[in-house]
Amino acid sequence: MNGAPARLVKQLKGRFVVLDGPDGCGKTTQRDLLAKTLNDAGGQVVSCRDPGGTRIGDRIRSVLLDFDLSTMNVACETLLFMASRAQLVHEVIAPALSAGKTVLCDRFVTSTCAYQGAAGFDPRRVVELARFAIDDSWPDWTIVLDVPVELGFSRIGRKAHHAGRNRRKSEGEQRLFDTGQPDAMEARSVEFHRRVRELYLEVQRYYPTPVCVIDATDSIEQTHHKVMEHLLHVSA
Numbered sequence: 001m002n003g004a005p006a007r008l009v010k011q012l013k014g015r016f017v018v019l020d021g022p023d024g025c026g027k028t029t030q031r032d033l034l035a036k037t038l039n040d041a042g043g044q045v046v047s048c049r050d051p052g053g054t055r056i057g058d059r060i061r062s063v064l065l066d067f068d069l070s071t072m073n074v075a076c077e078t079l080l081f082m083a084s085r086a087q088l089v090h091e092v093i094a095p096a097l098s099a100g101k102t103v104l105c106d107r108f109v110t111s112t113c114a115y116q117g118a119a120g121f122d123p124r125r126v127v128e129l130a131r132f133a134i135d136d137s138w139p140d141w142t143i144v145l146d147v148p149v150e151l152g153f154s155r156i157g158r159k160a161h162h163a164g165r166n167r168r169k170s171e172g173e174q175r176l177f178d179t180g181q182p183d184a185m186e187a188r189s190v191e192f193h194r195r196v197r198e199l200y201l202e203v204q205r206y207y208p209t210p211v212c213v214i215d216a217t218d219s220i221e222q223t224h225h226k227v228m229e230h231l232l233h234v235s236a
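Going by this note's numbering, the first residue of the sequence shown is number 1, and it counts up by one from there.
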């Protein structure tokens, strides 16, 4: 891939790319690798995460991921994700794209289609809500990194029989930092996570912008190569 990073810098200028997928798929690692590759080649990259990424969004992220959500209505859960996302678009994503920078995001609307879809919310209604929350700030491309649930769990140090346990129960304590415990999504049952994976594989059928599924069971370096090859092809 000689010269590929420099070509990709030009092709991704002012473009929005999302890395997404089930827990343990390596999306954060791949986002950071891609950002480093582009930055090293002279690109201007803004990396962000969803939910969160802003002061307001991080407060919402804490509500969503730091506590037991078993009593939260799934519509409330979905709307909170959208609220965080609306702030992220307004404060980070839209300004960066207007400045001609490349935006790389760790999760976005596809995550809500998969996770809240698995919790019972119609994924197509998620897209309808997103049209209001993010207006026209849809990703140019979304890359879903696909791994089996068991492999994803092993990568993050979880065992399948532990899923559904160890949820945070505190409701009065604010947790804005990682405590090393599984978050509210990770802690749900294996069956829930299998449904999440299924929904990720289906999302390209109705999502308004292109979604590509990449096998992420290979090494970090091999998966990075696949991500680069895909983006070089679709952005040419």
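The set of hints was computed from the structure by calculation and includes no laboratory data.
Some clues are possibly wrong.
16 Å max Cα-Cα, derived EDC-like pairs, lysine to aspartate or glutamate [stated by the list, open to error]:
1) Lys13 with Asp140
2) Lys36 with Asp106
3) Lys226 with Glu150
Here are the in silico distance ranges between beta carbons for each label pair [claimed, not checked]:
4) Ile56 with Ser98: 17 to 25 Å
5) Asp136 with Ser235: 27 to 35 Å
6) Lys10 with Ser219: 23 to 31 Å
A virtual CB, placed ideally from N, CA and C, is assigned to each residue, including glycine.
Violations among the numbered hints, reported as their numbers in ascending order:
3, 5
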